[in-house]
Structures are given as structure tokens and as C-alpha cells.
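Order-wise, the sequence lines are chains A and Y. FYI, my numbering numbers position 26 of the first sequence as 58, with every residue one higher than the one before it. FYI, my numbering numbers position 89 of the second sequence as 96, with every residue one higher than the one before it.
The set of hints was computed from the structure by calculation and includes no laboratory data. None of the values given here were measured: they were computed from a predicted structure. Think of the CB as a built atom: it goes at the ideal place given N, C-alpha and C, for glycine as much as any other residue. A portion of the hints provided could be inaccurate.
[Unchecked claim] Listed below are several chain A residues computed to face chain Y (Cβ distance under 7 Å; list not exhaustive):
| id | residue |
| --- | --- |
| 1 | Glu52 |
| 2 | Leu54 |
| 3 | Gln55 |
| 4 | Leu81 |
| 5 | Ser84 |
| 6 | Glu85 |
| 7 | Thr88 |
| 8 | Leu148 |
| 9 | Gly149 |
| 10 | Gln155 |
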Amino acid sequence: MSSASRPVGSVEIAVPPTPEYLQVVRAIVGATAALDDRLQPGRVADVRLVVSEAVTNAIRAQATAGVAAAIDVRCDLVGDRIIVEVADHGPGFDPSAVPDLPEVETPERLRHESGLGVSLMHQLADSAQFESGPGGTIVKLTFVVGDA
Amino acid sequence: MQLDVHRYPRDTCVVLAVLGDLDLAGAPRLRQAVVSETATGIRHLVLDLTAVDFIDSTGLGVVVGALRRLRAHDAELSLVCPEPRIRRVFEICDLDRVFTLHATLDDAVPAGGSQ
Numbered sequence: 033m034s035s036a037s038r039p040v041g042s043v044e045i046a047v048p049p050t051p052e053y054l055q056v057v058r059a060i061v062g063a064t065a066a067l068d069d070r071l072q073p074g075r076v077a078d079v080r081l082v083v084s085e086a087v088t089n090a091i092r093a094q095a096t097a098g099v100a101a102a103i104d105v106r107c108d109l110v111g112d113r114i115i116v117e118v119a120d121h122g123p124g125f126d127p128s129a130v131p132d133l134p135e136v137e138t139p140e141r142l143r144h145e146s147g148l149g150v151s152l153m154h155q156l157a158d159s160a161q162f163e164s165g166p167g168g169t170i171v172k173l174t175f176v177v178g179d180a
Numbered sequence: 008m009q010l011d012v013h014r015y016p017r018d019t020c021v022v023l024a025v026l027g028d029l030d031l032a033g034a035p036r037l038r039q040a041v042v043s044e045t046a047t048g049i050r051h052l053v054l055d056l057t058a059v060d061f062i063d064s065t066g067l068g069v070v071v072g073a074l075r076r077l078r079a080h081d082a083e084l085s086l087v088c089p090e091p092r093i094r095r096v097f098e099i100c101d102l103d104r105v106f107t108l109h110a111t112l113d114d115a116v117p118a119g120g121s122q
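Same shape as in the complex, but just chain A (with noise of 0.2 Å):
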């Protein structure tokens, strides 16, 4: 792809909420991203974390509360951002009170193996925000690719 090409469209995809699919989207979302060639193949592999461990929280949320649905994903390119959605039908949750781990030398920072996935959310894209409510969440990530 020649350095001037800018792709602009989106990709949407329904996926069962089970974890066999977070290969699938991150294949999906990951190869979309890197259609932007301004975006370097580092931040491609941040896009395919991201989005894998947006959805791995959308299939915890939707086995919590037995929700078979599917999580619907999507990955627009536009202008210069790539914003990934990911829309579960959970019981939503308060993205404010997610607790802040042990330091990580610390003998209790052992007893956590999980919690780590907002945090990496909000590490690795430009902009991380979430909608929670008794429908479900929405969390949107935004990766901005050129000169802004």
C-alpha cells in the first residue's frame, strides 16, 4: 500500500461471547487497523491487545450474568484515528470503582490474577472510555495514527 493511501471505512462484526472468538477478533480488528499504514506494527499489536482484552471483559460480564448474545465489535478508520467499539450486554459495572491493584513487589499483588485489563485499556490507547449501565457497556478505544 502506497504511503498516501488513507483507508476510511469500518468493519462490524457479532461474535458469540465465549473466549474461542477473541482469536477471531483480534485477527478481524487487528488486520483492519493495520490497513492504515501510518499506523506502526507496534501499535498494531497494542490495537489487537486492546481489543482482546476489551472483549475477554464483555465475555466475563456476559457469563456473570448469563447472557448468551452476541458482543458486537467494531473498527473504524477515520481520518486520523482508529477507534475500535466493543458493545457487550452485560450488567455493566462502575469503570470508576475499579480498584487499584497491590504494588506489584508486594506479596499481595500475588493474590490478584486478574485486573490488569483496564489498565492496559488505558496504557496502550490514545483514549479508553467506557458506558456502563444495566444494558450493558460500551467501552470505545481511540488510537490516533497521524499528524493530528
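Place chain Y on chain A using the hints.
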């Protein structure tokens, strides 16, 4: 890629070589393998992540859980993790301060010893 775990002895250690994606789909398989090794009274377990294609926070959680289980049995855990894309995930989560990420199996388990 689905997760696969190959087990083999090396000196006084047991090596679990992990292949594939270490995510919510693959994590249970590795967790079960670690639990099984812990139950045998192992003294030193090596997780070789050289062939891991992808790891996320769920995969990291299994590795943290492995360390906790082994320490509870006075056993040791070593990691072989040469791939930059995998090392980076440990580093982002500050877990490189908890684990030594060895570049090779020989670094993790020098020939003739278990250290």
C-alpha cells in the same frame, strides 16, 4: 492459535513449553498444567514462553498465579521470554519487576544445575 503445553524434564527442573495464544481461551490449559506440577511436589518449574504468539492480562494472571502457587510450596518459578512483543506486555504491567525474563532456557536453567 490454540494453546498447547509441552512438558519435559531438564536437570532437576520441569519445563512447560507454551505454544500459541495465552488468553482467556488458552489460560485454563496452562493453569491446569501448573496445578498438576505443583501437586507433584516439584521444586523448580520453568515456563518457556518462547513460542507464545500473544499474551494479555488473563495470560499474565496465570503466570502470576503460578508464582503464587509455587512459592506456597517453597518451589521456584523461572520464565523464558525472549520475544520483545511478549516482554513488552510484562513491562507495561510492571511485572518485569517481579519476574526475571530470561532470554534463553540456558539462562534460566544453566546446564548441570537448577538455578
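- Does the structure break any of the earlier hints, and which numbers would those be? none
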